[in-house]
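**Q** Protein chains in written order, with this note's numbering: chain A, 1 to 827; chain B, 1 to 106; chain C, 1 to 184.
Treat the hints with care, since some could be wrong.
[Unchecked claim] Only pairs whose alpha carbons sit at most 30 Å apart, straight line, appear in this in silico BS3-like list of lysine-lysine:
1. A:570 - B:2
2. A:196 - B:2
3. A:21 - A:9
For the record, the hints were derived by calculation from the structure and aren't laboratory data. As the structure is a computational prediction, the values presented were derived from the model and not from experiment.
So the chains spell out like this:
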Amino acid sequence: MNALERHRKLTTIWASEKGFKGWFSTVNHTDLGRMFLVTAFFFFIIGGLLAMLIRVQLATPHSAFAGPEIYNQIFTMHGTIMMFLFAIPTFEGLAIYLLPKILGTRDLAFPRLTAYGYWCYAFGGSMMLIAMVFGIAPNGGWFMYPPLSSAIYSPGINTDFWLIGITFVEISAVAAAVEITVSILKYRAPGMSLDKMPIFAWYALITALMILTGFPPLILGSVLLEVERAFGFPFFQADLGGDSLLWQHLFWLFGHPEVYIIFLPAAGVISTILPVMCRTTLLGYGWIVAAALALAFLSFGLWVHHMFTTGIPHMGLAFFSAASTLVAVPTGVQIFAWIGTMWKGRPELRLPMLHLLGFFFTFVIGGLTGVMVAVVPFDWQAHDTAFITAHLHYVLFGGFVFPIFAGIYYWLPHVTGRRRFFRLGELAFALVFIGFHVTFLAMHWVGLLGQRRRIPTYAPEDGWTAINLISSVGSFVLAIGIGMILIDVILHVLTASRGRRNPWGAGTLEWAMPTPPLAYNFASLPHITSRDPLVDQPDLAVQLARGEGYLGTPRNTWRETLTVDIASGKPDMHVIYPSNTRLPILMSAVTGVFFVSLLLKFYWTVPVAVIGVTILVWRWVWGLGRGADLAPLPIGHGITLPNAGMTARSPGWWGSIFLLTANATFFGSLLFGFAFLWTVAPGWPPPVWFDPSMTELGAGLSGAIIGPIAMRLAKSVNSKGRSSITGATMSLFGAILVAVASAAMMWRTPSPVDHAYGATLFVLGGYGLFHAVLAMLMTSFLIARIVRGFTSAVRRAEFSIIGLWVDYTSVIGVLILLAAHLPGVLQ
Amino acid sequence: MKDVFRILIAPLVWFASFSAVYGLHGLMCGHEMSGVVFGLPLERAYLVAAYVCAIAVQMVLLVALYSSRIASPSPFVRFVSHATGWVGLIATIWSLVPVVFTTYCG
Amino acid sequence: MLAGAGLIFGLVMVLLLLAFRPRADTGDAGNVRVWVIGLGLAFPMVVLAALLAYGLVIGERLLPLASDDVVRVGAQGQLSTWSFTYADVPNRRTQDVLHIPAARPVDVSITTADVIHSFWVPRLAGKLDAIPGRTNILRIEADFPGTYHGVSAEFSGTGYDHFSFTVIAHDAEDWDAFLDEDIE
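Chain A with its partners taken away, still in its complex shape (with noise of 0.2 Å):
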């Protein structure tokens, strides 16, 4: 088979439907990616349009631009939009359309779900959107502090918009993180150990575990906070055994390691791009992994110093300003790699270096008065001021806004194939770069003088008049200066002008593929032996077309690609992918109807709504099954590998696991919730405590105990070949027993409206019987399986994901049993 003869084939084998039709049913990463960065940048666009708003507004003093009640809802949108709707899915965008192709592979791990995450994201930000059309959008600040967000102090549907129209996006960001977690940990080219990672998927992989554990407290923050509003549930209201300070903690424990979600991937686009601009390679590859693992930790310890204002004692303070001060270390280290990267080679002021050079102008000043507001002393004035919009936007738009453009303009020729023509993109960086810190410093300055954030008026005698103006005129330069790199880009992609083939002379496997990308990647996979490929075999491209690197024959219609050991980078198994279905687009729909349904409070659909989703899961899973053992199949250069689902350990598994990681953190945060209350909030102890009963406790926990034991011996008789039926069943009752006690628990909680206590034991048992019936549907699933002949001592994949439910289900029902009973017990 020659070059073109292969290229023929697995584009029909690959290639998503033709036309708009494609965009619906495509599950192809390029796409996607390409879909996910467009749709961000619309969102920045209208993010941005609503900054200037907010700069019009303020650029004279009694402004009547826009009223106190618009204003709100503009100030809310702005950063609601900018942090969740434009950030987090350029990240997403990015890594989705790059990781698999700097990986050396063909896809991600779950195509079906990049594409259900794209979908989400797209009805999550359109009901955004939608809200504020109609006038009706968030107006709390993007932080929703109640008791000003609850039931009553907001009681129009705004509020509501934002907790469950972010929730629903969140559940994207969660899919893309599991997915880029389980692509990175072992959808690599073969040969490619942990050390010969590029330093982009190092970065994405910390960022993209980041998600999956900063992301649950605010997803669970939402909850409670919707819960409260909708149904009285009194989580946040002192009076009632719930308190302000629990939100706060929930949001923030989400909110900083945010900051440090959206500088990661931005590092890891500069740790890629700058040693390019500088024809060398990355000084300290090893260090800077270090570095960003430090940083993600440690962002985790510093939530509080979002609060140091809310009255917390002097020491709990002093711990959070140690961790904030000692957060800028890595960051040193990676600032100072960098430079030592520029010294070590020959820096070229081509575009994206001048980007480039604009982060390090521009983030250098806004750590440097991050590490001002760490200290203590300095933030009780600060707080609150303009000083911290300043900040904060020196941080995000020094930290991604600038490396992201140095990123567009370094990859546009990839994803078009083409050569830049006009030369716009010089005019409009020095626009965006003189535009921005006009802006900016300016509003430091007036932060100092003691404007508060959020206002959205001041008077002529406060003095604040000039400097305003200052800012907004920088404010609208800025503007241009985007408005110009937004048509440089729209001109680059319109205008015919051929590019070579990796026109920076890069190292890595991005540029081993004719451009713009083909569906599949790459015709045969390279083995990896350093961390530059191209450098060393410059004529990579050449050869893995030419179909002499593995999986270099088409098999039947399959899109195929394979795995790799985590730390070795050894193949160890062979991946079939789902080909393109509309099945994603109509299960985000039906989970927006869902959303929508609490939304409107039309709470008939909402079963509607579940029962969908579930139908719509099982046809998901169903459908990876096969009816007959695989034998192990050849992949080229004298290697046979394993079906996945002939292993232990399948795609499914790693993707459980980390989903696992994130609903834990989730579970975590809501025993740390109910810990909080009890031990910190006013109005306890509680005036009835739950009535213990050791029927259902002893239900509940011999279910927890039978269910995984049951599911363990249905998984050794399996394989060796007997039928597992009768342990799936055991493993079933298992699970109908917690299910049973968990209910018990909700209907016999106090009065879940009156205490906090009881509104967080009825939360708990709905947790646990979440996850009970989700574990009897899964056993149900393995055992219609199993009937219908679709296990075997071979095909056991099956088995060790659902165990692993099976025993999460276990462990979160005894914890959550003993939580109520226990207390009553002692007593």
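Given chain A's structure and the hints, the job is docking chains B and C onto it.
**A** Just chains B and C now, with coordinates in the frame of chain A:
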């Protein structure tokens, strides 16, 4: 997976001990206590003891990460796990140092 | 702090500029020692340790430590107004104007009747929040008699921009008069 664990363990333990000491401080301030141990007020004594324990655990981890029996076969993972091991130790010493001299429950 | 930050910023910018001068490629090993370990690790750790120590010491000094001549007042935020009470005159309540003696430490007990607010008189002290169900105590002290402008510094919905109050610091004589209820 073992390698991932080697890399993550020290900072994870830092986060756990950081939260634990913060929680301990919060709990003690919520409940009046009195007493003197080794010439220190009871609260201070507990906090310092927790601080010392946290540092000791980090040191044990660091020694383990350097020991040939537990360390990773890959030199790269060894390097990164040593680095994160040091991060755990330094972060513990640094971020919890206020227990030694800052006013508690104020 | 500003000067230090300016110096560090200048240093980074100079290093960036110097990267553009032409010179020969040097190996990785020495570079890692200089850039990563020297400038990346050691330099920030020394600077930050000093800064942290300074911050903690200042923080200690701002604590409302027990003292004989402390005056106690209460401040309660309520959407668009602050009301103030005085431990020395139990029945006295003022609206949007807080009276304090000058040159004496004053402990303000901050509470809220509805949502979260923040009590902030920039020239007298930092800000401290009013949280439902809690009482936070802020130590303020005015060195000289006079009128000080205060604002509510936590976003509280519409009307937030006008949400302010005044603190009047009296000399000893006027303060006594206030306590005797001669001043309205």
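**Q** Look at each hint and say if it fits the structure.
**A** Hint by hint, here is what the structure shows:
Between the alpha carbons of residue 570 of chain A and residue 2 of chain B the distance comes to roughly 16 Å, so the proposed pair stays at or under 30 Å and holds. The straight-line distance between the Cα atoms of residue 196 of chain A and residue 2 of chain B is roughly 18 Å, inside the 30 Å bound, and the hint therefore holds. With a C-alpha separation of about 22 Å, the suggested pair residue 21 of chain A and residue 9 of chain A falls inside the 30 Å cut-off, and the hint holds.
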